[in-house]
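Let chain A serve as the given structure and place chain B on it in line with the hints.
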Amino acid sequence: MPTLKIDGKEITVEPGTLVIEAACRLGVSIPHFCYHRKLSIAGNCRMCLVEVEKMPKPQISCNLPCTEGMVVHTQSENAKKWRKNVLEFILVNHPIDCPVCDQAGECKLHDYYLSESVKGSRFEEEKVHKLKKYELGPEVMLDDERCIMCSRCIRFCNEISKTNELGFIQRGNHVELRPFPGRKLDNAYSVNTVDICPVGALTSRDFRFKQRVWFLQSADSICTGCSTGCNIKLQHNKGIVYRYLPRQNEAVNQVWLCDKGRLSYKEINDENRLLLPEKKSEGTWQIMGPEGTLLELSQVLKEKAADSLLAIASAQSSNENIFAFKKFARALNAKAVLASSRREVKDPDSDDFLIKADKNPNSFGVEKLGFKKKASFSKAKVVLVLGEMNEADQKKLTDLNAELIIVFSSHKNSCSELAHWKIPVTLFAEEEGSFCNFEGRVQKFNAALKAKGQMKPAWVWLKDLAKKVGVEMKFSSAEELLKEGFKLDYKDLGVEGKVV
Amino acid sequence: MEKILTQNWSLKDSHTLAVYESTGGYQSLSKLFTMKPEEVTEEVKKSGLRGRGGAGFPTGMKWSFIPKDDSKPKYLCINADESEPGTFKDRYILELNPHQLIEGAIGCAYAIGAKTVYCYIRGEFMFPYDRLQQAVDEAYAGGYLGKNIKGSGVDVDFYLHKGAGAYICGEETALLESLEGKRGYPRIKPPFPAVMGLFGCPTVINNVETIAAVPYIVNKGSAAYRQYGTEKSPGTKLFCVSGHVKKPGNYEVPLGYPLKKLIEEDCGGMRNGKALKAVIPGGSSVPVLTAAEAMEVNLDYEALAAKGTMLGSGGVIVMDESVCMVKSLLNLAHFYAHESCGQCSPCREGTGWSYKILKRFHDGEGSVKDLDLLLEIADNMAGKTVCVLSDALAMPIVSHINKFRAEFEEHVKLGKCPLE
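The listed protein sequences derive, respectively, from chains A and B. Using our numbering, the first residue of the first sequence is number 1, and each one after it goes up by one. Using our numbering, the first residue of the second sequence is number 1, and each one after it goes up by one.
Honestly, the hints are just simulated from the structure, not real lab data. Please note that a few of the clues may not be correct.
[To be verified] Selected chain A positions facing chain B (Cβ under 7 angstroms, derived; list incomplete):
{"id": "1", "residue": "M1"}
{"id": "2", "residue": "G43"}
{"id": "3", "residue": "N44"}
{"id": "4", "residue": "K84"}
{"id": "5", "residue": "R122"}
[Claimed, not checked] Listed below are the simulated DSS-like cross-link pairs for lysine-lysine, each with C-alpha atoms no more than 30 angstroms apart in a straight line:
{"id": "6", "chain 1": "B", "residue 1": "K356", "chain 2": "A", "residue 2": "K81"}
{"id": "7", "chain 1": "A", "residue 1": "K133", "chain 2": "B", "residue 2": "K260"}
{"id": "8", "chain 1": "A", "residue 1": "K80", "chain 2": "B", "residue 2": "K356"}
{"id": "9", "chain 1": "A", "residue 1": "K57", "chain 2": "B", "residue 2": "K115"}
{"id": "10", "chain 1": "B", "residue 1": "K182", "chain 2": "A", "residue 2": "K38"}
{"id": "11", "chain 1": "A", "residue 1": "K302", "chain 2": "A", "residue 2": "K379"}
{"id": "12", "chain 1": "A", "residue 1": "K57", "chain 2": "B", "residue 2": "K369"}
{"id": "13", "chain 1": "B", "residue 1": "K260", "chain 2": "B", "residue 2": "K307"}
{"id": "14", "chain 1": "A", "residue 1": "K130", "chain 2": "B", "residue 2": "K327"}
{"id": "15", "chain 1": "B", "residue 1": "K260", "chain 2": "A", "residue 2": "K84"}
All of these numbers come straight from a predicted model, not from anything done at the bench. Built from N, CA and C at the ideal position, the CB exists for glycine as well.
In isolation and in its complexed conformation, chain A is listed as follows (with noise of 0.2 angstroms):
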């Protein structure tokens, strides 16, 4: 266990740390283009130079591990110079576009610049000129000026898509990325390259031009499109969801996003969302009140649930809605019927790593609060189906002839269509909740946009139902409803969620 100093601060390591994790356990934050700690250490981007004392040259402290006695310095003259003369080599070559700029806010280059160097350029010359849009991929788009050779990109396709797609041709400043020929960088996550971009040479087509960054807002959330549940930032500006970022959760998807979780933010936005509760009336339907709403579901509700109630609840749905979907139900009629519907797609796709072909992110959390896939329905007067249901189970609820169907639904769709009453509700981006992963693992999600419309949260709704029809069910808040369904706080769930 090698102790060391790093700018004046000691700190005791495991054998083989690397410098810039140690500076960076210790809160010194060392400037770095090419090192990521998912990575394999490239050593070319120099950034990251620091002085060790009683070395003779410059330290890459990315490939410097930690020996006892090593004292560095990161703030010495030296270190500083360094920093800036390999910042000052960089932006020859770089357009230095970041007015039109994707990556203009998040980009390492200009934040560096403004925090090692700020100087006028020495650079008279006419620059290296390269392509500034090209096509990597279907997701992926190249400005080859913009790019510092990093090779983050290439090193994320070699080692963790495992896909080997990119390379760099040519020499010294006509380097320029390329997929190797006849290839394109369509591999499962590419986009994480753009993430790791630290530079907008690499943009997502999806997102590039639709927002400047510092319009968006964040939310920590999951991910709904598979049951892996990854961790994801969500990111919107004014009531819009604009893109997911991955979040760092090591034990679920470490710091990666699969693409097609990445894109499944487009159903929150969807013009399809149902806004208002609606009533069929001979075979048109007709937008209600909230309060008329509730007032004549009771009614209907405490006439004939109690003969026979058939509760369907989606695997889209929270661990808190179908806790307290359940509880309503039961409170209903003592012996009503628990179901689960799932959304199915045709050959869904899956793998070893984050893709799971269950593209559902809660089927785990909606058995183990007893409602199970059922091969067919039982017959039932009364129907309440909260969230979506799959092709086939919309045909045998159309094959119940059922006198009441009622869809808490977050959209206009074939299911809700189905209903006598849809009832709108809020989806995981608009409300607090959490989700079961496949493998059981309780996490967290935040409320990140304003409900439009009547959406609420579908707990709420039944809340509100539950006291016109004259039960009482105790609970004010998503917490309460975990807390008594899977005995968590949300607290407990700590930044990896916990395995239930």
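Frame of chain A, contents of chain B only:
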């Protein structure tokens, strides 16, 4: 002086096995196989042989870094990617005495426990490649390569691999990458090739001339080798003299040989009666010497270091008074900017930037402040990259400008080259 490397060069068909054997070729093997491998390394260590590729690292010490207890295969890679401007010695060994290289390779492979030798040859060396391949084929047929060499129980296989035209692949770790089929990028060190080299296995990389000196050392002993050269720079060395001398060519002389003598006697002096202006003594990347410095320096590692330059590869580039030093530097900058692999920021950008400044400067649009900028760029490039390619331009920039500053300033004043 006994010739160690060039003794056969003037013989007809010197490249053939028959001629090589008739002059005592492959005789070191019978002695070699009676020695323990570590004794061979020890003998090479004692000989003081230093790497002839340019860095001058002690050869025996390099061999001794190969771990003994490692179960992985070990490799010898011979660096025949001779591309340093002004250097053309390895090429002649390959063409005229390839069996000596093979014999030396067997010695080194035996010492380090390698069963496989790769010779990485510069792609443009078509003829030397063919000559070496013929020699390898002959050596296999003659029982000097392959399984159980001459009944010794020692196996050595020898493969040739052509480069594809990148100067950087002569850098030993870029060579390994290229040999593995990857882009020729120098590797970050540590780990060093002796521990993790070719295909992740312990590897020695030696220059052609270095390996070619091994049979003599094995055969005659380190003391015999040390009778030539100086205490710290023992042995003989090939100097490739090019430029404005009457007889350019390869000269094998003992280390410590006066440069003045090499130019004036061996090479017949300056041609066309012109005066000597400058000498680059060790391949294009080393600092240039003024005529006065060149006339008093000896050709050994220490004496050249004392003059602020290096022995390098032994490529002696002689320039007479007709040479414009701005153009000389421009030429070098063009080369290094073209050959920078582009991996490290300071080299990728620094070499290109320097070249552009020098181009403008040479075209008469330079200013004195460009010189200071060039010196700063050189300082910012030097010692801050994975390999030393950026140093290889930084050193000429500094030496050219500092030693011939008046000539650079003359360009500014006249707005053109004073020699044109």
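Evaluation of the provided hints:
The restraint placing M1/A at the interface with chain B is violated, with a minimum CB-CB distance near 20 angstroms, outside the 7 angstroms limit. The closest approach between the C-beta of G43/A and any C-beta of chain B is roughly 4 angstroms, which is under the 7 angstroms cut-off, so the hint is satisfied. Contact between N44/A and chain B, as hinted, is supported at the beta carbon level, the nearest pair being about 5 angstroms apart and thus within 7 angstroms. A cut of 7 angstroms between beta carbons decides the hint on K84/A: the least distance to chain B is about 9 angstroms, and the hint is violated.
Taken as an interface hint, R122/A checks out: its beta carbon lies about 6 angstroms from the nearest beta carbon of chain B, inside 7 angstroms. Distance check on the hinted pair: K356/B and K81/A sit about 23 angstroms apart at the alpha-carbon level, within 30 angstroms; holds. For the proposed pair K133/A and K260/B, the alpha carbon gap of about 58 angstroms is over 30 angstroms, so the pair is violated. At most 30 angstroms may separate the alpha-carbon atoms for a hinted pair to count; K80/A and K356/B meet this at roughly 27 angstroms.
The straight-line distance between the Cα atoms of K57/A and K115/B is roughly 37 angstroms, outside the 30 angstroms bound, and the hint therefore fails. Restraint check for K182/B and K38/A: the C-alpha separation of about 22 angstroms stays at or below 30 angstroms, so the hint holds. Note on K302/A and K379/A: the hinted pairing holds, with a Cα-Cα distance of about 18 angstroms set against a maximum of 30 angstroms. As the CA atoms of K57/A and K369/B are separated by approximately 28 angstroms, the hinted pair is consistent with the 30 angstroms bound.
The hinted pair formed by K260/B and K307/B meets the criterion: a straight-line CA distance of about 15 angstroms does not exceed 30 angstroms. Pair hint K130/A plus K327/B holds up; C-alpha atoms about 28 angstroms apart against a cutoff of 30 angstroms. Restraint check: the Cα-Cα separation between K260/B and K84/A comes to about 44 angstroms, which exceeds 30 angstroms; the hinted pair is violated.
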